[in-house]
Amino acid sequence: MMLGKDILSVFVAGHRGMVGRAICRALARTHPDIEVLTAGREVVDLRDGKAVSAYLKEKRPDAVVVAAAKVGGILANRDFPAEFIYDNLMIEANLIEGSHRADIQNLLFLGSSCIYPKFADQPMAETSLLTGVLEQTNEPYAVAKIAGIKLCESYARQYGRDYRSVMPTNLYGFFDNFDPEKSHVIPGMMGRFHAAAKAGDAIVTVWGTGRPMREFLFVDDLAEACLHVINLSKAVYEAETQPMLSHLNVGTGVDVTIAELAHTMAKVTGFDGDVVFDASKPDGTPRKLMDVSRLERMGWKAKVGLTEGLKRTYAWYLQNKV
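Its first residue numbered 27, the sequence shown is counted upward by one per residue in my numbering.
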């Protein structure tokens with residue numbers, strides 16, 4: 027199936043989030059003739075199976091993109107584990123089952139790199155899934171995302187559906203969540219460094235030792251990757267995701283230490299004080315680097331480097347959040 031040829035309408039679930047917005051932008055830019063369907067919670071609560079099924083049967087999109095999710099950083103995952111597992115399980119299950127009931131053949135599910143074991147071999151290949159213990163701080167969210175992969179696998183195997191999954195690495199970009207209590211590392215760090223630079227502070231304190239390594243992907247790159255995966259032929263996708271019709275990693279294949287990220291953030295935001303690391307706070311997983319060789323073999327590679335992506339994101343932040 028091809029966007030613009032066989033797929034003329036796409037329902038983007040989660041269009042108000044960072045990822046959903048990026049996918050909508052990418053579709054508008056590359057396929058302006060495709061009808062992009064969206065529905066906020068006031069239209070359909072994605073946790074309500076009957077409402078989701080009714081909406082999909084009424085609209086009958088040619089494809090569904092599951093970009094809707096409850097997301098957050100270490101603090102949010104620690105404080106709201108029940109919401110993270112329940113909401114995400116309901117959202118993905120309702121959309122996948124609802125798509126099947128509405129006879130929608132094409133679906134793309136977006137997961138997260140946290141699906142992999144805490145001490146998985148690096149870089150983390152798709153085959154690392156379910157080979158070890160998960161990182162405890164976000165285990166409920168990770169379990170929900172693993173369930174999403176298995177739902178797509180199962181509907182593909184049992185019903186012949188073309189339900190695909192991509193697992194992005196750590197994302198950042200326009201419309202990220204900059205709430206200091208609930209944000210991920212880049213927006214949280216950006217807000218703190220911006221405030222410190224504006225106030226002329228001498229020190230910015232960063233959680234943890236600074237030694238953990240992380241990979242970061244600009245969200246507009248992810249959106250391009252999603253459209254690329256949707257456009258792959260069923261035969262090509264299945265050949266690369268055998269034996270279980272599983273998922274594809276999406277990332278840059280390059281990681282940095284949190285300390286390196288902090289110092290880059292200081293330069294981008296104009297903070298010229300000292301960066302201090304609070305080793306009493308949790309580090310999380312020691313390293314998270316994606317093996318992106320499968321997707322590269324299928325013709326896609328990230329384009330936006332970390333420094334450039336941070337500059338674009340900070341420019342957006344200054345225009346929209348300050």
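Hint data in this document are derived by calculation from the structure and do not stem from the laboratory. Take the hints with a grain of salt, since some may be wrong.
Label-pair restraints from in silico Cβ distances [stated by the list, open to error]: (1) 286 x 32: 42 to 48 angstroms; (2) 59 x 308: 43 to 49 angstroms; (3) 107 x 269: 30 to 36 angstroms; (4) 112 x 302: 33 to 39 angstroms; (5) 28 x 293: 38 to 44 angstroms.
Taking lysine-lysine pairs in the DSBU-like style, the calculated list, with each CA pair at most 30 angstroms apart, reads [what the hints assert, rightly or not]: (6) 347 x 96; (7) 293 x 337; (8) 85 x 224; (9) 208 x 83; (10) 96 x 83; (11) 327 x 307; (12) 208 x 293; (13) 76 x 144; (14) 224 x 307; (15) 83 x 260; (16) 260 x 293; (17) 208 x 31; (18) 31 x 337; (19) 96 x 176; (20) 307 x 260; (21) 85 x 31; (22) 337 x 327; (23) 208 x 85; (24) 224 x 76; (25) 224 x 176; (26) 347 x 208; (27) 144 x 347; (28) 96 x 307; (29) 327 x 31.
C-beta atoms are modelled at their ideal positions from N, C-alpha and C, and glycine is treated no differently.
Verification of the hints:
1. 286 x 32: 42 to 48 angstroms: 44 angstroms, holds
2. 59 x 308: 43 to 49 angstroms: This hint holds: roughly 48 angstroms between Cβ atoms.
3. 107 x 269: 30 to 36 angstroms: Given range 30 to 36 angstroms: holds, Cβ gap about 32 angstroms.
4. 112 x 302: 33 to 39 angstroms: Holds: the Cβ-Cβ distance is about 37 angstroms, inside 33 to 39 angstroms.
5. 28 x 293: 38 to 44 angstroms: 42 angstroms, holds
6. 347 x 96: 21 angstroms, holds
7. 293 x 337: 10 angstroms, holds
8. 85 x 224: Answer violated: residue 85 to residue 224 is near 48 angstroms, above 30 angstroms.
9. 208 x 83: 35 angstroms, violated
10. 96 x 83: The hint holds at about 24 angstroms.
11. 327 x 307: 34 angstroms, violated
12. 208 x 293: 24 angstroms, holds
13. 76 x 144: With a Cα-Cα distance of about 36 angstroms, the restraint between residue 76 and residue 144 is violated, given a limit of 30 angstroms.
14. 224 x 307: 25 angstroms, holds
15. 83 x 260: 24 angstroms, holds
16. 260 x 293: Distance of about 44 angstroms is beyond 30 angstroms: violated.
17. 208 x 31: 40 angstroms, violated
18. 31 x 337: 36 angstroms, violated
19. 96 x 176: 19 angstroms, holds
20. 307 x 260: The hint is violated at about 45 angstroms.
21. 85 x 31: 19 angstroms, holds
22. 337 x 327: 20 angstroms, holds
23. 208 x 85: Between residue 208 and residue 85 the Cα gap is close to 34 angstroms, so the pair fails against 30 angstroms, i.e. violated.
24. 224 x 76: 49 angstroms, violated
25. 224 x 176: 47 angstroms, violated
26. 347 x 208: 16 angstroms, holds
27. 144 x 347: Between residue 144 and residue 347 the Cα gap is close to 34 angstroms, so the pair fails against 30 angstroms, i.e. violated.
28. 96 x 307: At roughly 24 angstroms apart (the allowed maximum being 30 angstroms), residue 307 and residue 96 satisfy the hint.
29. 327 x 31: The given pair, whose Cα atoms are some 24 angstroms apart, holds under the 30 angstroms limit.
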